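**Student:** Listed below, chain by chain, are the residues.
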Amino acid sequence: MTPKRNKLANIVRAYFSRPLNTIALLCFILVVLLCVFAPLIVPENYNTIHVNRIFEKPSWQHIFGRDRLGRDYLGRVLFGGRLTLKVASFATVIGFLLGTAAGILCGYFGNTLDTVVMRFIETLEAVPFLLLVLVFEIMLGLGTGNYRYALGVAMIPRLTHFVRAEVMKLRSQEYIEASRSIGCSEMQIIFRHILNNIFPILILQLLRCFAEAVLTCTICGYLQIGFTPPMADWGTLVADGYHVLRVYPWISLLPSGSVILTVLSLNLIGNGLHDALGQKQ
Amino acid sequence: MSKNTENNLHLQVKDLTIGFRTRQGEAEAVRRISFQLRQGEILGFVGESGSGKSVTCKSIIGLLPENVTLSGDILFHGKNLLACTEKEMEKYRGRHISMVFQEPMGSLDPSFRIEQLLQEVIMVHDPCSREEARRRSLDMLKKVDIADPVNCLKRYPFELSGGMQQRIMIAMALLCRPEILLADEPTTALDVITQGQILDLLRRLNDELGTSVILISHDMGIVAQTADRVAVMYCGQIVETADVQDLINHPMHPYTEGLLASLPERQTGGEELRTIPGTVPSIYNIPSGCTFHNRCPYARSVCAAEAPPMLMHDGREVLCWRHHERYQNG
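Residue numbers (our numbering), protein chains in the order written: chain A, 1 to 281; chain B, 1001 to 1330.
The set of hints was computed from the structure by calculation and includes no laboratory data.
Nothing here was measured: the structure is a model prediction, and the numbers come from that model.
Virtual Cβ for every residue (Gly too), placed ideally from N, Cα, C.
Where hints are given, some of them may not hold.
Okay, the calculated beta carbon distance ranges per label pair [what the hints assert, rightly or not]:
(1) GLU122(A) / PRO1287(B): 44 to 50 angstroms
(2) MET231(A) / ASN1067(B): 53 to 59 angstroms
(3) ASN1249(B) / LEU8(A): 42 to 48 angstroms
(4) PHE120(A) / MET1123(B): 35 to 41 angstroms
(5) VAL1280(B) / LEU8(A): 46 to 52 angstroms
(6) VAL135(A) / ARG1032(B): 56 to 62 angstroms
Far from chain B, by Cβ distances over 10 angstroms, these chain A residues were calculated [as the list claims (entries may be wrong)]:
(7) ILE41
(8) PRO43
(9) ARG68
(10) LEU69
(11) ILE182
(12) GLY183
(13) ILE219
(14) LEU264
Same shape as in the complex, but just chain A (with noise of 0.2 angstroms):
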């Protein structure tokens, strides 16, 4: 009987068994690569006002067609993303930082500082979402960055109570108990065992993180809190285009559609992931 050597190759093969995580993987890839090369592929500058070609319809030189200013449509779209994508990569890397570090110090340590902690947690957890990301725009100042720091910070909540609560599952492990008794400190036991064993659902969660801030960041954009024109990210572009959605569909639908790609994709990831980490063992 030969063991299964590589744990990771295992779960990359689970992975990609199924079509659909290929598929899904793939398209973020190229909507992430489109944003990424956006300066290279656009045809012309994105805040380029030509008066006389407003709304022109799609065409092999403008596949997206061009806005109500006349505006090239593909660049408004690439760089959307991008901004859309910066701005949820940036807001989830803070959240997940900090959500993860206060959960797993919670979880792990317990005791009063849990209590503390996750009172005020569960306070902010008692607000939807969304109108804390505005209330902590609003406290951090309205303005073209500061929302990014928002949507990160409003992540924090949900993270840390879940990272804690696995933590505390954890903990009560014998293994953990074990670890103690050959003498591994504290700081060995956290990052060596609690990390090594939730790593799983940590990539989980960073998925599911990152797709909620896409969604998010849009749903910002479309109310128009988040960026200043002309910089406008997918959320704007949706929004600028919803009044002739029946007259020139595509305006709105271009950039809904890459949202509804970026995270229906992401989501397929996560799932597929979910799956192919549950048959590791």
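Got chain A sorted already, so can you dock chain B onto it with the hints?
**Tutor:** This is chain B only, laid out in the frame that chain A set:
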């Protein structure tokens, strides 16, 4: 006690009391117990569930939960472990005192290979090169009778059988050659054949490495087969300590007598299995006087009224009025 015998003592526990602060109030799981662990011996602890065996064991290595109150002394080579800080205790754990747990499956972290688990112990206590660590790990795996050590190093804990896992646990515990090994019901989760092998292994390693062992079990048979000396625990107290042969042949405490009499091997055919009447009292409601008096066939008025003092006689210790009077008169 002469100086020479003092040096032979690895561990000296004096008047150890362990209490838990709970919602129902303060509960004493262990009350004023004293015992010694000599160099190279296997000391067995026998008793029913809740008699305080495991708690005693965990107090030695400092792994009790936070709501615990401890008093008394646990002297390890003259150093009081109860007065140690957490940081100091970390240096003792795994290096001088190790522990093997009841559930081998749950005690090995599933996200690491055996090699990484073994290496961790070495790296925590005396960091060395990976090759050196690997060599020592392989050495230890051979010592615990793992058939294919090289292959075993690459495996994950859940790929091994229960017996193998327990061998790995023992290997981890003994990797840094500790003076004391605490084995908390190491065979409870295993089948009878594997149980015998693990016990033999403990005996052999005890001989080869000179590690003193505290073996905890609820099974008198296991302890009798493995230990040199036995301490019988009842309701948070050690009621009798004696060399294993003396204890089996001449139990002094009525509880020990009852335990031995209820072993299935000791019954003659056709009879109903003998048991000790009554149940273990709750630790929230400990009987007055001798804790065993309400289940004891020899109980007299003094037993309910006053707790018996520890009687030491001929290398044995017993906590019972009956013998106390006999030896005082005689």
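**Student:** Going through the numbered hints above, which ones does this structure break? Give me the numbers in ascending order.
**Tutor:** 3, 11 and 12
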